[in-house]
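Undergrad: Residues per chain are reported as follows:
There are 2 protein chains.
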Amino acid sequence: MIKPRTPPGVMELLPREQIAFQRMLDTVRRNYERFGFLPVETPVFELSEVLLTKSGGETERQVYFAQSTGALEKGGEGLPEMALRFDLTVPLARYVAEHEHELAFPFRRFQIQRVYRGERAQRGRFREFYQCDIDVIGKDELSVRFDAEIIAVIHSVFSELGIGAFTVQFNNRKLMRGFFEAQGVVDAEQQALVLREVDKLDKRGADYVRETLTGEGFNLPAEGVAKILEFVEVRSKSHDDALSILDKLVAQHANASLVEGANELREVLTLVKALGVPEGAYCLNLSIARGLDYYTGTVYETQLDDYPQIGSICSGGRYENLASHYTKSKLPGVGISIGMTRLFWQLREAGLISGIDESSVQAMVALMDEARMADSLDIARRLRAGGINTEVQMEPKKIGKQFQYASRAGIRFVVLCGDDEAARGVVAVKDLVREQQFEVKRDELASTLKVELEQARALAGR
Amino acid sequence: MIKPRTPPGVMELLPREQIAFQRMLDTVRRNYERFGFLPVETPVFELSEVLLTKSGGETERQVYFAQSTGALEKGGEGLPEMALRFDLTVPLARYVAEHEHELAFPFRRFQIQRVYRGERAQRGRFREFYQCDIDVIGKDELSVRFDAEIIAVIHSVFSELGIGAFTVQFNNRKLMRGFFEAQGVVDAEQQALVLREVDKLDKRGADYVRETLTGEGFNLPAEGVAKILEFVEVRSKSHDDALSILDKLVAQHANASLVEGANELREVLTLVKALGVPEGAYCLNLSIARGLDYYTGTVYETQLDDYPQIGSICSGGRYENLASHYTKSKLPGVGISIGMTRLFWQLREAGLISGIDESSVQAMVALMDEARMADSLDIARRLRAGGINTEVQMEPKKIGKQFQYASRAGIRFVVLCGDDEAARGVVAVKDLVREQQFEVKRDELASTLKVELEQARALAGR
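Chains as they are written, first to last, in the working numbering: chain W, 1 to 462; chain D, 1 to 462.
If you're looking for bench data, these hints aren't it; they were derived computationally from the structure.
Possibly wrong hints are sitting among the right ones.
No distinction is drawn between identical chains; accordingly, a pair holds when it is met within one copy or between any pair of copies.
[Stated by the list, open to error] Keeping only pairs whose Cα atoms sit at most 20 Å apart, straight-line, the calculated SDA-like set for lysine to any residue is:
| no. | residue 1 | residue 2 |
| --- | --- | --- |
| 1 | K227 | R61 |
| 2 | K203 | R120 |
| 3 | K203 | Y307 |
| 4 | K398 | F105 |
| 5 | K200 | T212 |
| 6 | K74 | P7 |
| 7 | K273 | R290 |
| 8 | K330 | R120 |
| 9 | K227 | A289 |
Hey, can you work out the whole structure from these sequences and the hints?
TA: Shown next, in the form of structure tokens:
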């Protein structure tokens, strides 16, 4: 006998939780589709040579390799032939480069799949997790307007997920670079080092960061450091406030990079408003930098207003060139990613998973009497034809047990039909949510339950 | 520069095909849910020790192992710690045994995930492919009634998939065993050997099989062999024909196993009828044996009537005990599996994939004039709020190019709003399917398109 268990670092759910998780994934997908994004799925493994174009990075340290029994026995030198994807961006780059001549650009794609990283096992860290990505890829160029559309998608997704108030925060790397240049931090590498220190603000406090930046090693003038610390504290309080922040920055530091970044942010702000995103749901946050090598324009983070400790639940940005390892074509893009497994885990920890009480099974036909088995199946057939997810009690059990089962399983309606009801052409329905019982004509059963379920759905805002 | 390419043996689709494939997966899932099955997802990898409880089998030869960079460098003896799942049955056994005390039995679960096998690379053989499984697992016992429900699910799935007429064919291993015993083939192992020869009927013909079974090695009496060959040719022509076939068999060979099998088939037939499955969609097929070690009662195969060469598109059966390697509990079950990747590939080869012309994007808002960008976004917002998947042209292009793009992408409606339309509070809509253009009030745009789309959906039977 072998002890049944999963490998460490994976999230496996019981059916009730899986239903809630699946609902969240469906909501994300529905919103991605609503904005015209097209589905892509790529294989879980890629050729190692293709996946690991950059060698020696931190990511590669975490890669899982895959090999068949045959390859394992043969052994051989070098890396195994195949590796599991560690994100959805590298597979996207490979996909777009491989199918470049079969795709229409700008190419809006979404991808909802699991990725694999050999993280150290610890609470809330997963070795297998869902990413829900969207990207828009241009050929040669891509309008900054798409950067605004991304914000509208994020807003649409999290509004419909219904996990509380949230703010999409954004910044622009050009604006940031221009500002740093104006403070005499011109070199990109030095900017990265300064940003790394600035990132310690929350943990170490302003004094520590100020001392580091003015001290040996950085040797920045105190005035410049003060301005940097002021800059990264900026959050806009409204749409107009965001615009006036940009105006002020441009007036103070009119270098090319800063002006270009400010102009991009202005266009993004204007279109975000046109897209109907309420201004309480977005703001400028000049501390956001994200991947320091990768992003070049707009950068995004999203926070739950009441749970800032969860950190960013959706991040991304604009990049210059998606697939330089695979094609000579220039493919600029903008995209974001939601780490759904970790988000679900965090929401569950915080008690914020809603609808976990509600099964995907909406009705159960009880079995009152062995002789009525065939009739139960007919009732179930009518319910299913009417679009109601229905389970049938197939084995004789005490009626109390049947109700107990339905209640524990989160099934809302229990349908009963004894000889008396059958003779009168009706069925009895027990509504376990409203705790009411009613009779309905057999022909009207499905449509009646459908109306009830749609009302409940409308009330829950789904 | 590295050539972008997938590993051999995987099916990667372009967006248009991916939409069609996703629709098929959604249909399967919707039908599984409709019958009250609950979702389960398991990690792509399992501990090797847990996954590979039986060693040395053909399946293990095809297993992919996964290991992180660290583990790879360390080397070490024996198998790598983890292996990719090669089906969804072993993970189900592990899942049910691990969560036995948290699940309600009978446990109806569906699982739609990819599995991995190191097949030899050849056309139509995949190393990564989707399986769509349902199983009902009982504790200690499980009524044969569930065997009938499975047939109704299969019927519901393939009816809605709309890939042509099909027949769910079934048999019963007990009936088969009883019949073989009556012909003097008593030993289970010998029965398996005889069945293997019988399986060659199609390829080698009756004479060859008859000679083998009567010849050296088997030494079966000619009369018995004739009866066996007659038995495996039996297909029922109607519901009543199926029942009378069973009556005749019971009258001729009244041994316990055959009678039990016949009784089970009778109950299955009765309930399948009660479940409303039309009798043209199912039949007895006494040649079906399936996995010779594993299945013990009802066994299923499903064929497309017009494409028998595709073989069984959905197979499974009843088994005695799901998880004997992991738990002492007896867990009998019944289930089926649809190999969706291979099915999609075969249907595509046969030109049977429908709806590939229809994008998941339903409307495109054209950009007629730079100055109308913000207005385009507002129109799109209204469409999306009304449930229409909508893409916006974000970059200035000739209007002819915009139409060409929408047409190639399979987007049905192109929405146009110039200054004139805006002044009159209307938009123009070009319906690329009906090749008509019409005007509609801005407020009524989404609801108008929704009606059109629902009509089309109703016509297509979706």
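Undergrad: Does each hint hold? Answer for all of them.
TA: So, going through the hints one by one against the coordinates:
1. K227 <-> R61: neither (38 Å within a copy, 64 Å between copies)
2. K203 <-> R120: neither (23 Å within a copy, 55 Å between copies)
3. K203 <-> Y307: Answer is within; shortest intra-copy Cα gap is 18 Å, inter-copy 67 Å.
4. K398 <-> F105: between (62 Å within a copy, 15 Å between copies)
5. K200 <-> T212: within (11 Å within a copy, 81 Å between copies)
6. K74 <-> P7: Result: close only across copies, 19 Å inter versus 26 Å intra.
7. K273 <-> R290: neither (24 Å within a copy, 61 Å between copies)
8. K330 <-> R120: Intra 36 Å, inter 37 Å, cutoff 20 Å: neither.
9. K227 <-> A289: within (17 Å within a copy, 79 Å between copies)
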